[in-house]
Structure formats: structure tokens, C-alpha cells
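Student: One letter stands for each residue in the lines below.
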Amino acid sequence: MPEMLNYPNLVYERLRDILGSKYVSNTPCTLVAYAAQAHASLFFGKERLSETVVTPSTTAEIQNIITFAQRNKIPVAIYSSAVFAYWSISKHGGIIIDMKRMNKIMNVDEENCLATSQAGCPLQRLTAELLKKKLFLNQGGAPSSCLVGSRFTYGNVNKASGRIGWEYRNMVGWEMVLPDGTILRNGSRANAYETEQFWAHGPGPDLWLLPRYAMGQFGVVTEITIRCHTLDEEIKPLWVSFNDIEDAQNAYIEFVHAEICTGSSLYSTFKTAGYAADTTESAYRITRMFPEIHMVLTLQGTSRRVVWEEKRVREIAKKYNGRIITDKFPPFQVAFDSQLSMAASIYSEYTVKYFTTIGSGGPGTGLSIGALDDIEAAYKFVKRLNMEQEWQGNPNKGFYADTCAPGLIVYPSEGGHYALIECMGPGIDQPALRKANSSVVPAVFSFRVETGLQADMHGGQTVPGRRDYGLWPTYIELITKFHEILDPNNIMHPGTLFPPMFR
Amino acid sequence: MPKEYIWPRMRTCLEDYYEMLLRCNKCSLCKHLWPANTYSWKFGYQCPSGEEFIFEQYYSTGRLEMAIAAIEERLDMKVDDFLHALFTCTACGSCEATAEMVCTLTPLRAIEELKIKAVEKGGLLPEHAKLMESCKVNHNIYNQPHELRFAWLPKNMNVSRKASVMYFVGDTICYRRPEIALATIKLLRRLGIEFGILGEREHSCGEVFFRTGNVEFGRKLLKENLEYLNSLNVKTVIFSDPHCYRVFSEVDKYNLNRSFECVFISELIEPLLQKLQFKRLEKRLTYHDPCQLGRALGIYEPPRNILKSIPGVELVEMPRSRRLSFCCGAGGGVIFAYPEFAARTARRRLEEVTDVADGAGAKTVVTHCPLCKDNLLRVASDFNVEVKDIMEVVLEALT
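Protein chains in written order, with the working numbering: chain V, 66 to 568; chain D, 38 to 436.
Hint data in this document are derived by calculation from the structure and do not stem from the laboratory. Careful, some of the hints might be misleading.
[Claimed, not checked] Dumping the calculated DSSO-like pairs for lysine-lysine here, alpha-carbon to alpha-carbon at most 27 Å: (1) K197(V) x K400(D); (2) K199(V) x K376(V); (3) K115(D) x K87(V); (4) K79(D) x K169(V); (5) K79(D) x K87(V); (6) K260(D) x K167(D).
This structure is a prediction, so every number in the text was calculated from the model and none was measured.
One chain only, chain V, in its complex shape (with noise of 0.2 Å):
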């Protein structure tokens, strides 16, 4: 961008000299482009403008801008792929660090299964490497465009990363510019001298867990190594669809007790229409034209195995009246670059396979978890969260009671016992949901909470005056202690967990 657009203060001159004029900009388009993200609009209502914006390429340069920061007292926010990251955007003004250009693959260790990039890689980027290598990333749901370092160091706002660190366990290694400029390597990282990295801990307390659910709060991660685990021989998609949730169930419980199928899923139409559909209309439109219920099934194994499974999945999709729709329909890409990234890990063996998310697609969402012969009595509990909220009127008239029956997502935990059941209602349009985070979030997040699904009420984030819902007062304590001492002048993405001091 030519530095003439610029518009030259102190703070914009200053991180010129650092950076060059080409990755320093503080103009109107910038800081308005820079101002939205996937869950601001759920949860400012509206936009937060930085002041200036950077795009660092080293740990150095990053490294440079956190103590100018620091010493002049100004705000820092990072900016990952705006998606999966809450408050990724500015809160208070100052300087957001757009980590695009750190997403250089520095090495990947095929006989190890070690990959090692810096935090600003997309998944995109990094998979397409590791595919060529037969090998992938455990990572859960998320889109390819998300960067490495955010989502593993940060997860989803799941159970199984919020309490036994399912994704930031994949973690062996990590570089970290802490608030005053330090450089922290934690993991295999830390042993400068040791050039294989095999181990996320090392010898005795350290802070592996720092840069956890912190959303940059304590430091910007700028390099990590992740474990990757080998592809099986082959591995397909195979998208089954039904008319009838009684049919899919029982064909999933088929499923399982056959063994087959390293990843698999079932969603409603609705999962499909919140994701393709732009409004209640369109929603409709899409169930109508789609087949009820989908599920999506990944053959893994050697060659014969997958020929084998595919002929099971075919004869139990054919006795419960299935359909075989892959590639049918364009929306499938997603499916399948859902399935390359997720299903190969999140429901395969090498993890748990329970997963929940708030859908960030558009539509209104309700979550509960129950066992999966109870469906009926979390599918009660979910549809009254989630259609009898006033934003979406009286589910008993009118379009919805007509027409949108909500849907279902039914994760099963290892074993089957447990299934979370995630409702997805229809496409709705992007103002009235804005208003409807007021009551639908906390109502989902307090229900998460009581149920043990979740730690706290924020994604393990808290806010003034709720500090003691949902977690535990000692952790408060440390971190706050840890903060105090890291970033006095809390500049580090002031006003998500702790409140700005100055001002």
C-alpha cells in the first residue's frame, strides 16, 4: 500500500521504523476492515476501531512492537483469522498485530511426526503440506482458514479442549513474546540445546498452560510444534442421508456396534441450511430441496478395510432407508474439507470423540448433552431453549411451527453412551440474532456450566461482576497474580479478562 494513503502520527511512525511503511496502517478503510469478527457483532453488538494496524513476519519484529507497547502504554490486540477466537479485534483502540504474515512452515519432521510453523500458518496451508506426507493435524471442527497458533493454543470452546485440553495437548512446543518483550519457549523448546522435540513438559513447573484460552492477554505466540498423526492408507467420505431421525439413529447405532467408521456425524438438514441458507426463506428452500438428516462418515484403513466398510455403511444405509449422497450436492466441498481436517481426528482414535461448539454460521443455537437413549429428553430441552425465545416468536405459530421444526446434531462420546445433541433452528437474519445473544448465550453457556460441559460462563474467559460463576476462585487468583506481574500496565488486549487500568 503506498504511504501516502497513511496518515502519519507519532505511534504510526514509530512502528514504520520497526516494520516498513508496507506493513504499518492506520487509515479509515483499515481500521474499519479490522473492526468486525465472527463473534463481535454476537457480543459487542457493535464495532471496535483500533488506532493502528501491523503485520509482523518475525518473532523479532513482534517482539519489537509489544515493548514499544509497553512503554508508551498502548493497547495491543491480536488479529488471527477473525473465526474461533473471541475478542480477536480490539477492545480499547490501540495496535492490533494481524499475524497473516507469520505462516511460514519451518519444518516438518515426517519420521517424528513433528510439525513445527510459525502461529500466523493457516491449517489450510499447513494440512495441504502434511496430506503429502500422509499425515494430519488432530485438530476439531474448525475451517481451514484458522491459524495454527490461535486455534491450538486456544481450542474451541468445547469440553473436550476446555477440560482435558484436547487440542493444546497436540502441542510440544511454543514461542511466546511475553508483555515486556520476553521470549518464552516452553515444551521440547526449552531445552535450547536438545534438537528433537518430543515432550510438551519438561522437568519440574513451568507455563505451558500461559498462552491457554488467554486470546493474547498474556503474550503472542509466534511459533509452535504440533504433533501430527499418520493417515491411514486410504481415507473416503461418505455422506448417507435420511428421511427420518429414528432411521439415522438406529443406523448409527449399527454403526457403532459394527465398528466401522473412524469419524462420523450426524447432522440435521438444519446444520446444512444455518450454514448455506441467508435467511428463514432460504432455510426452507434448502430442507425442502436436502434429504432430513445427514450423517457423514470417514472410511479409514488399509485399502481392503475401507472396501469392506464401504460395503457395511451401504448395507445398514440401505436397511434403515439411507441414501448415499456424496458429492452430489456443491456444499459437500464443505463437508469434505470438514471431514479431511476433523473427522480424520476429532472422531478417530486417537481422541475423544465428543465434541460441542455454538454455531458461529448464523443461525440460532441451542446445546445440551444427554445419553443417547434419552435423546428425546435433551431434544425437549434444546428445542424449548432455542425456538422459545421471544426474538423467534411462538414456536406453536405461524413459519416455524409450519415449517422449521429445529434440527439436530447428535455427537456420540466413545462408547455411545453420551451424545451431545446440538439444535440448530433456521437461518435467521443477522440483527435479530445481534439482540438475541442477550438471552440465547447466557442461557446456553449457564446450561453448559451446570452440566459440567463447560468451566465458566465465557469460554474460560470471565468479565466484572461474574468472576465467580463458573470458575474457580484460586484459579482467579493465580492468574491474576500471574497478570499482574507480566503486564502491569495491561496492555495486553485490555477489557476481555481483566478491565483496563488506565484510561
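Following the hints, position chain D against chain V.
Tutor: Here is chain D on its own, set in the frame of chain V:
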């Protein structure tokens, strides 16, 4: 001010897109290919301007935020940074190809409406204004004398000025790449198709003005051409420039009438291939899908089938091809306003040409658009790559 939901086909102005703009959840899938389609991380990105200028406002995600701000009157649409972020969009449609599939968003259409609004508010770029002035005086966008429009046509090559089948040549071919027209004419004759050209009555089709927000002027030019062609009682008009073909194919969109059929040259030739006798042509080629022909008009296979029918030709696909093709960098009026950026994008594309066939590379890149050829040729010598239009390759292969 913002309107309620408007049915996609009924959207006629930027405000009609407001509801759609809010639905962009910034998933960023429009910026990259899917992993399964990514041959190499080097060729995994999709947006030419985003890749060049890095900041969000150069991707469709940021431009949609600019559109929201423009509707809400929070941004000055005449300032340089706004215009730079907006008009560096090459209108290649790669973002739309993904976004429409993933979540029924049509970012390119919204961006084009934003360009129209920007021009209405006085944001016409000086370089684009020059194109308009040139058309007013010379009837072409290249500021060349109108009488030279068909100067490339040999005097001994008599082409009728009135026929039931006409060949609309277009500005770029006439003034920049006449070899494409000569090859096309020779080929049509070899096939025994009787046709005519408009001669001095052919004016600029106005496509660049539709892509750069100056729709009213583009419509005026298109109307002039249509009125003349309609008056000739022409049955079919053949095109070899996808830009011209696109605007003539979309006349309904601009409330204009057309009394003839539009045919693109490769679609015309493909079923007649058995009439042509080819000699062996030992070449490894790769085909670059022009955005206006591929994503905009859906013509992917006819050019490939033509190339495959030539004996000895080895057609290798680039990692990004067909719907996922990467732009050459010239579209959307970018080559006129930001020629350096257009050249850098062409370089990125030619890097891919030299990387096909597992790194062996292709020595020839074949395209089907004069603007693509013109832009790629500007940097081709640095890569030791030959750039040809498909008509030239076919002509070369004819016995």
C-alpha cells in the same frame, strides 16, 4: 439506509445487500483453497489484492465491512485509501466462488455495487476517467484513433461488413492483440463459416466500465453497439474476447434488448473439430482460465477439449485451475489504474506455470482472453514462458 432482506436476484443497489453483508462471519475461507485442493502452500491463496497488500480491506472480508460502513455513512468514499482498497479488486470472483457455496454470500456482486456507489459519490479514479474520455472521442479505451481500429487487417483479406453472422472483435484485440483476431478469422474461414465484421461501426463494448462502477457509461456504449447490430438483422455474433462476450450475454441485466444470439469462439469450434486437420504439435501446454470466461460464464471445458484434440499436445493443469483458477491480475480495470500491481499478480501466476507437472514446468501458457495474454506477456520474458491465445495454437496446429 439499511433495508430489510431482499431476495438475491432482486438486489439492485448496495443497500439491498446490507443484510447479506452482516452475515459474513469472517471465516476467511474465501482467502484460501481447501486443503484437498491445495497442491502446494505456495499456491494456496486465492485473492490477488489480498496477497499483495496483506491488510484485511484488500480481501473481500474487509471490503464487505467497508460496504457496511459506506451504507451507514461512516466512511468517506472519496479518499485515496478507500478507492485504493476498492479498485485494486480485480473482480476475479474467486471469493464469490467459495462464499456462495459455503454460506450463500455474493461478495463480488456487493463489491461491484460498492464501486458503483463510490463512482456516484465522486470517486471515479482519474485513470478510469481517462478511459471514458478516450471512448467519447475515439470509441475505444486505449486512446487510439478510431480509424486504426482495423488497421491490422491485411488489405488482401476481404471481410464483409454485413452478414448474418458477425464477429465482434473488441478493443483489446483490435488495439493490443490483433494476432488473436487474425487467427480467429483464418480459423473461421477454414471452417467455412461466412461472417462479417462491423468495421468502423464497432465501438468499445463498455465492459471495463461495468467492472469499475461506471455502469451508466458502459450501458451507453453497449446500447450503441446493440442498436447497430439489431438494425443489421444479425442472427449470430461471435466473440473471441470474454469481456465483450460477457456484457453482450448479460444485456437483460442492463435493461437492453438483443435480437441475435451470442456465441463464444471456442464453443463454436469445439463441435466442429472433426472438420479440422491438425499436424503434430510437440508441446507441453498449460491452460490459464480467464476469470471472465471461467467463473463468470462457466466455460471451462471447450478450450481444454480443443487443446486435447491437437496431436502431440500435452495439456498439464496448474494447481489452481477451472473454478479455483488464479487471476492474471488485469481484470476489474486494475491494469489501467494499477499496472504495477497487475504485473506483480501476473508474476505470481507465471510462477505457477513454471511449477506445473511436478515442478517440470510448462514452456507455454495458453489463455483465451486478450487482456490476460497482454498482462501475462508483460512479465513472461522473465520466466522464459511463451504466452499464447488458444486461437493462435489452433492455427499453428492446422495443416
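Student: Run every hint past the structure and note whether it holds.
Tutor: Taking the hints in turn, this is what the structure says about them:
no.: 1; hint: K197(V) x K400(D); verdict: 26 Å, holds
no.: 2; hint: K199(V) x K376(V); verdict: 24 Å, holds
no.: 3; hint: K115(D) x K87(V); verdict: 22 Å, holds
no.: 4; hint: K79(D) x K169(V); verdict: 10 Å, holds
no.: 5; hint: K79(D) x K87(V); verdict: 21 Å, holds
no.: 6; hint: K260(D) x K167(D); verdict: 21 Å, holds
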